[in-house]
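Engineer: The listed protein sequences correspond, in order, to chains D, U, Z, B, F, A, E and S. Under the numbering used here, the first residue of the first sequence is numbered 833, with each subsequent residue one higher. Under the numbering used here, the first residue of the second sequence is numbered 833, with each subsequent residue one higher. Under the numbering used here, the first residue of the third sequence is numbered 833, with each subsequent residue one higher. Under the numbering used here, the first residue of the fourth sequence is numbered 833, with each subsequent residue one higher. Under the numbering used here, the first residue of the fifth sequence is numbered 833, with each subsequent residue one higher. Under the numbering used here, the first residue of the sixth sequence is numbered 833, with each subsequent residue one higher. Under the numbering used here, the first residue of the seventh sequence is numbered 833, with each subsequent residue one higher. Under the numbering used here, the first residue of the eighth sequence is numbered 833, with each subsequent residue one higher.
Mixed in with the good hints there might be a few duds.
What the hints assert, rightly or not - Simulated restraints on C-beta separations:
id	chain 1	residue 1	chain 2	residue 2	range
1	F	948	A	853	51 to 61 angstroms
2	A	938	Z	950	50 to 60 angstroms
3	B	902	A	938	26 to 36 angstroms
4	D	863	E	860	54 to 64 angstroms
5	Z	938	F	882	20 to 30 angstroms
6	B	913	S	878	41 to 51 angstroms
No lab work stands behind these hints, which were simulated from the structure alone. All C-beta atoms in this analysis are idealised placements derived from N, C-alpha and C, irrespective of residue type, glycine included.
If you want the building blocks of each chain, they are given just below.
Protein chains: 8
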Amino acid sequence: ARTGDPEVVYGAGKTPEQVAEILATLHARHPDRAVLATRLTDAGLDAAAGVGATLDPVARCATLGPLPEPRGEVLVVAAGTSDAPVAAEAALSARVHGAGVRVVTDVGVAGLHRLLAVRDELERADCLVVVAGMEGALPSVVGGLTGVPLVAVPTSVGYGASLGGVTALLAMLSSCAPGVAVVNVDNGYGAGVHAARVARRAAPRDDVRPTAAAEDRP
Amino acid sequence: ARTGDPEVVYGAGKTPEQVAEILATLHARHPDRAVLATRLTDAGLDAAAGVGATLDPVARCATLGPLPEPRGEVLVVAAGTSDAPVAAEAALSARVHGAGVRVVTDVGVAGLHRLLAVRDELERADCLVVVAGMEGALPSVVGGLTGVPLVAVPTSVGYGASLGGVTALLAMLSSCAPGVAVVNVDNGYGAGVHAARVARRAAPRDDVRPTAAAEDRP
Amino acid sequence: ARTGDPEVVYGAGKTPEQVAEILATLHARHPDRAVLATRLTDAGLDAAAGVGATLDPVARCATLGPLPEPRGEVLVVAAGTSDAPVAAEAALSARVHGAGVRVVTDVGVAGLHRLLAVRDELERADCLVVVAGMEGALPSVVGGLTGVPLVAVPTSVGYGASLGGVTALLAMLSSCAPGVAVVNVDNGYGAGVHAARVARRAAPRDDVRPTAAAEDRP
Amino acid sequence: ARTGDPEVVYGAGKTPEQVAEILATLHARHPDRAVLATRLTDAGLDAAAGVGATLDPVARCATLGPLPEPRGEVLVVAAGTSDAPVAAEAALSARVHGAGVRVVTDVGVAGLHRLLAVRDELERADCLVVVAGMEGALPSVVGGLTGVPLVAVPTSVGYGASLGGVTALLAMLSSCAPGVAVVNVDNGYGAGVHAARVARRAAPRDDVRPTAAAEDRP
Amino acid sequence: ARTGDPEVVYGAGKTPEQVAEILATLHARHPDRAVLATRLTDAGLDAAAGVGATLDPVARCATLGPLPEPRGEVLVVAAGTSDAPVAAEAALSARVHGAGVRVVTDVGVAGLHRLLAVRDELERADCLVVVAGMEGALPSVVGGLTGVPLVAVPTSVGYGASLGGVTALLAMLSSCAPGVAVVNVDNGYGAGVHAARVARRAAPRDDVRPTAAAEDRP
Amino acid sequence: ARTGDPEVVYGAGKTPEQVAEILATLHARHPDRAVLATRLTDAGLDAAAGVGATLDPVARCATLGPLPEPRGEVLVVAAGTSDAPVAAEAALSARVHGAGVRVVTDVGVAGLHRLLAVRDELERADCLVVVAGMEGALPSVVGGLTGVPLVAVPTSVGYGASLGGVTALLAMLSSCAPGVAVVNVDNGYGAGVHAARVARRAAPRDDVRPTAAAEDRP
Amino acid sequence: ARTGDPEVVYGAGKTPEQVAEILATLHARHPDRAVLATRLTDAGLDAAAGVGATLDPVARCATLGPLPEPRGEVLVVAAGTSDAPVAAEAALSARVHGAGVRVVTDVGVAGLHRLLAVRDELERADCLVVVAGMEGALPSVVGGLTGVPLVAVPTSVGYGASLGGVTALLAMLSSCAPGVAVVNVDNGYGAGVHAARVARRAAPRDDVRPTAAAEDRP
Amino acid sequence: ARTGDPEVVYGAGKTPEQVAEILATLHARHPDRAVLATRLTDAGLDAAAGVGATLDPVARCATLGPLPEPRGEVLVVAAGTSDAPVAAEAALSARVHGAGVRVVTDVGVAGLHRLLAVRDELERADCLVVVAGMEGALPSVVGGLTGVPLVAVPTSVGYGASLGGVTALLAMLSSCAPGVAVVNVDNGYGAGVHAARVARRAAPRDDVRPTAAAEDRP
Ligand SMILES: Nc1ncnc2c1ncn2[C@@H]1O[C@H](COP(=O)(O)O)[C@@H](O)[C@H]1O
Ligand SMILES: Nc1ncnc2c1ncn2[C@@H]1O[C@H](COP(=O)(O)O)[C@@H](O)[C@H]1O
Ligand SMILES: Nc1ncnc2c1ncn2[C@@H]1O[C@H](COP(=O)(O)O)[C@@H](O)[C@H]1O
Ligand SMILES: Nc1ncnc2c1ncn2[C@@H]1O[C@H](COP(=O)(O)O)[C@@H](O)[C@H]1O
Ligand SMILES: [Mg+2]
Ligand SMILES: [Mg+2]
Ligand SMILES: [Mg+2]
Ligand SMILES: [Mg+2]
Ligand SMILES: [Mg+2]
Ligand SMILES: [Mg+2]
Ligand SMILES: [Mg+2]
Ligand SMILES: [Mg+2]
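With the rest of the complex left out, here is chain D:
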């Protein structure tokens, strides 16, 4: 694509045949680059496999062609197990867009000890993707622990007052932690693209500014 990024097929609303054909066509044009297909049904995953694609069933995604050399590191952090598909879509999207990726799940705000246990990992990343549904509180807590660039992804997990993810979306936009940037509900793909662009351009970690001590805060 014109922006230097890989081709991506948005699978929602496409037939398995369409998915397979578009994957094959794009792959033939640039066999040395990966093509990504997202939002695939079971049949869409099968059709993708049929043209030789590698499947990520949790993310409901497939890739065809070699992944780029990873540069920098994106860390995907997810609150609950129901958020796993969105986290996986973010991770694969970031990887396909040229970043290295790690994933940490089940670190919701109602179980802080698990989050605090991965605190060093947060600090080592070049960009964070933080995925949470329901009240969408996780980005605020993570954003208070580190100054690494952070993209928040609200998910549609929840019911009633969760409004299909809109509550988590509004909450993340209202975060009291500064610098939290937000993408659409369930948009792991968009978050992965943003994070990969940040991470793959990041300088090596050794010139990172030291974190000021907590007691500095008035």
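Fit chains U, Z, B, F, A, E and S with the ligands to the given chain D structure using the hints.
Structural biologist: Below, chains U, Z, B, F, A, E and S with the ligands alone, put in the same frame as chain D:
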């Protein structure tokens, strides 16, 4: 009032003269009980002082008559300094409705160390009132730290996607911490009443069930 | 769990196999404690029965392991027959979380005589859970009759202007009865947890403050 | 006007001079009929008085010219004292449109004894106008007590989740009491017009069908 | 029921067996009165027929037992052919609640000549039920043609900006024609009940006030 | 401007000095073309007059420089007197953008006779601008009377359920009359631009297709 | 129809049999004019074919009878491939309503070069229909390139914050390009009707005012 | 602060005295670091100047203490002149958080030539902040031109359907350009923080991947 609670004057939309007159009338009827007035303007506070009331300017409230003997303890926890008026309204309302009260402020989720420092205090209370604006994340974090009954109060602090407190309200209702009960935006009064009713009926602390260890969680 | 409460499996979005497996695993870890599974499909209920769980088909819930000794009493009050599943989820959740429970149904506000007939029962409870859909008026009426701590549960019963339960939710948050605390739409579970925490810590009823006479009100 | 109703001046957004001039012009055309002006500012009321109008300061209305002979009876019932201006607008509007009118205030659902005390009055009316803000529960309770035609008026009294009267509006539209018809927020005028049209055409009370006993209900 | 109205079964969410059983039980209690069942599925209609009920398939309703003697007249006016089920529910509900009923359909505001052709019929009714979806404009036009009491029913006909009937609902509440009272989206039943209560108590038509001439309006 | 249209100054949020200076600058560049300023305060109108502009106080607009030769005809139709400022903004905008303009006001849907009296005028126009607040019904009625291109402008006139003009906006978008195109709330300017572009390019009226007879409709 | 336009059958909610019968009936009445049916299911398309209609499967439409002589030209511009059905409905509707039509697709704002490549075509049209989902940005960009009358159609393409097309709708109504008029979500039909009315009445292109140079803009 | 970022005073709701005092206190603690104050009133700006702060009146901000050495480059792009205050807040915030900053204004989507003229500048930046109100289309267009990380800021510029900035917010979240991350309405501060974190960690430009040619796109 019929429910065994003190009389309360809702000051919004009332003239200072009306506030003063209603306070005096209700006090004369039961001089041995406190009357509470909330949502007072500066002039309303002055008028209340003029009939002998005790003022709480942060809470924008006044009381007239002796406060009841405190039974049990309500702990009010507030996220930011802008949430202080709502926290103060909750605290005074709980106190007037018969509970003992303590207040902890500035323990927002983006600064977890301050919250973790008061963890023991949370556990010792008979009921918690948790006040937060913007993304309203604090009740989820507190609710993950303790099993004490918890009432959450969203505040109208914030702008844009905060929707005047509605985002915090929806977030608290969607909390991933179980048992969080919620009152209206800025309704410190309602939270204080609920919490006082719980606390003043609570048995002494020594029969509290021991907290299970963190590693029990699958 | 870390807060001293039993383990709970949220069945929505889980396969029957997942439900059965999680129930069995959690039960094996602490055979002396109950595990609760909620929001089960018919197949999920069957799978739970298959690992020895006790079913509550109205609540769409199952429990595995011995229930705790009941302490205190939660009274669940529901407006209409369509609200029964939510009321049952609240009741079972409260029971599993350590409280004794009673349920009264079909006491909607358009038939006051039925509600007034159970007035004494309301007063004897340690905590009330009030369940209603459509306009969600019942908590206001009950809250005007008693000073017992009250948690309101809006249900998604209704159509059009009921907005899938949001109208009842907003109405309960706007209640003119003081001290009404509210949980998410159809969240019987959350209400049951809050109520159980209140009830199991409540002192015996004999020290309850006498209700002031109705004529006290100005 | 073409529908056989009196002329009405909507004062909102009009200058005092405009209000006075329109009142005088309409009155000159039909000196034997009343003209009604609503939503008047203090200055608008003064200007109306200046052309000889009779003022109703609570309703923020004025009338010029003789009121019609009252036919039938409209009973206006209001929940709280803050609802008084809307109730007064409804009452005067009904009176100007040809009905007799009575008003009962402060009969909110959190104080049922006051409402039950006026139960016979409800039954004697030809049409009810029920005014309430906040959660808007009163029409459901009144509608469960009587089969008299009932128009509900939500008011903008409340804050936060009351959404400026929209919550009461939605609640009234979702009422579980059958036959409740609703007008716009704070629209006492519209309710008064509807109720007067019903009442002034009603047959005398003696042919009213007897109320079935409560125990008939399954 | 306690308000002097017939028993009504709300069929939504009930099994055919439940519908049949409730109809039979209520009918057995008062064989001389009609019972109404609404919102029936095809299977529900069949089950109702199986216990001897009379079906109204357009309205998706059934009645069991003799209809009451009609008193007064309700005229149901519907905008489009898609509004027919709601109009039929209103008509049958009004009839079961004791009024005579006539129905006029396909008189939408984009074809005024059809509406103007029935103008005299509007004037002769004791109460109007006006049913419309999409922009919900019909009540305003009808309300400008006559001073007969008018209940408006928004329907869920439309898409996109029609918001499932909410736009028509809001439009009807905002009507520039005075005295329009509104019920919930698709709530033909509620409109029929209100209209029947008005019509069955109305005095004979001969004492109707003459309509003032159009040129009176300033 | 690049689209061949005149320069327009949006006065909202600009100081009187800024308005005057921009008007003068733009006028100096092309003294033979009109510049339009909209949304002016009283002081803004004065400042515009100070640089020689012609004022339209009802529209809250000013023009500087000669208006173009009028081509074609735009007819602006407004429902109520409160809609006059928006109608005037639409009319002046259309005129400045090159069309001839006529305005008809006070033809609301609750007084059909006034609208029907101007029916021939509707048919003669090259484009219609239909302005209405509250329920926004007028475009549907006008759109049912003629096949002339029609742009609808919702206004913020109304209260409560009118939602500041959003209800009229949604209603117009849901119009049952085909071909109604809509602009933003109170956006007389946008409607005037669209209508002028249509009218100034329209062929002379004599080749207009004859209107089919009403009885053709099935 | 009375406005001089062809008959149109709205297929949504109609059975295939109803569609076929209405098409045949309307066609028999005026065999020399086309009848249009929209929103057809696969079965509806088949049924239409069965009575001799010509199908447009992308648009989900059918026509029966000869199309009118095309006058003027409507250009339909669509952002993405998912917008194709709405674009096709607009195109066919415009054609059936008497205009010539061309369609350009896949010119979304994130690929400006494709849009700029068709710039001359935009300028040559008599009316533009611009179709876009998601953020609905295309009409603003097109409206900045040309002064041709423009109707925007938001589509329901998107998820989460796209709110089923409402975001695109609101965005188009808020367009910073002047003169953009908007129809309902997915309402290709309404846009086609508006555009055809404009185009078929437009004078030949040779008298079009020359576009001012870009550097004129201050 | 704990995240390695400078201290920031949120001026909204603070008195000028409070602003001055907090600035002075924070500055005294770390005289070698800048403190930033945002959302200042005129009086707040004066008070900040009184303690020696440097003012940015367009941004309504002040800084006290030396700015850090700039690392990397943030480019702030704004659509309209009304968006200038938000753009300036973003620019100053990014600068205070350690990045170099440039600003380009008045490049709205309705005037593409101005945007295309700065295309090279977009490509050279390490992070983009794109500010737009009304329909919020600019991020989609910019995001289609470059693969540089992009943060979008919706502003509250607009009226009616713009919903105080919520429409632009939703549009940006729905952007068809991949990788657009969004902050709250008018939150230039948050965007500046995110962008500075990205830019100050970015590697030098010379290793940027070449942009693929436009014709690659299928
Ligand atoms: N701050 C508050 N928020 C909500 N409700 C309140 C508040 N203060 C008082 N009230 C309620 O208002 C009632 C008194 O209203 P009023 O008679 O208007 O003074 C009390 O009985 C309380 O239930
Ligand atoms: N179509 C309807 N829409 C709204 N409410 C209805 C409808 N039909 C019946 N009802 C109400 O539902 C009640 C019966 O509910 P149920 O006991 O669940 O059958 C009746 O008393 C009516 O008030
Ligand atoms: N796709 C469409 N979207 C909106 N309105 C439509 C559409 N197709 C037809 N219509 C309208 O529906 C009317 C016919 O409705 P009906 O009589 O139910 O078939 C036509 O006169 C059109 O005004
Ligand atoms: N313009 C702004 N918008 C949003 N948040 C801000 C803004 N300015 C400052 N803040 C945040 O407000 C915090 C300081 O709040 P306070 O202690 O009330 O001055 C800072 O740490 C920032 O995170
Ligand atoms: Mg979560
Ligand atoms: Mg907070
Ligand atoms: Mg209910
Ligand atoms: Mg009330
Ligand atoms: Mg309609
Ligand atoms: Mg109007
Ligand atoms: Mg698009
Ligand atoms: Mg903009």
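Engineer: Each hint needs a verdict: does it hold in this structure or not?
Structural biologist: How the hints compare with the structure:
no.	hint	result
1	F:948 - A:853: 51 to 61 angstroms	holds, 55 angstroms
2	A:938 - Z:950: 50 to 60 angstroms	holds, 58 angstroms
3	B:902 - A:938: 26 to 36 angstroms	holds, 33 angstroms
4	D:863 - E:860: 54 to 64 angstroms	holds, 60 angstroms
5	Z:938 - F:882: 20 to 30 angstroms	holds, 27 angstroms
6	B:913 - S:878: 41 to 51 angstroms	holds, 45 angstroms
Checked against the numbered hints given earlier, this structure breaks none of them.
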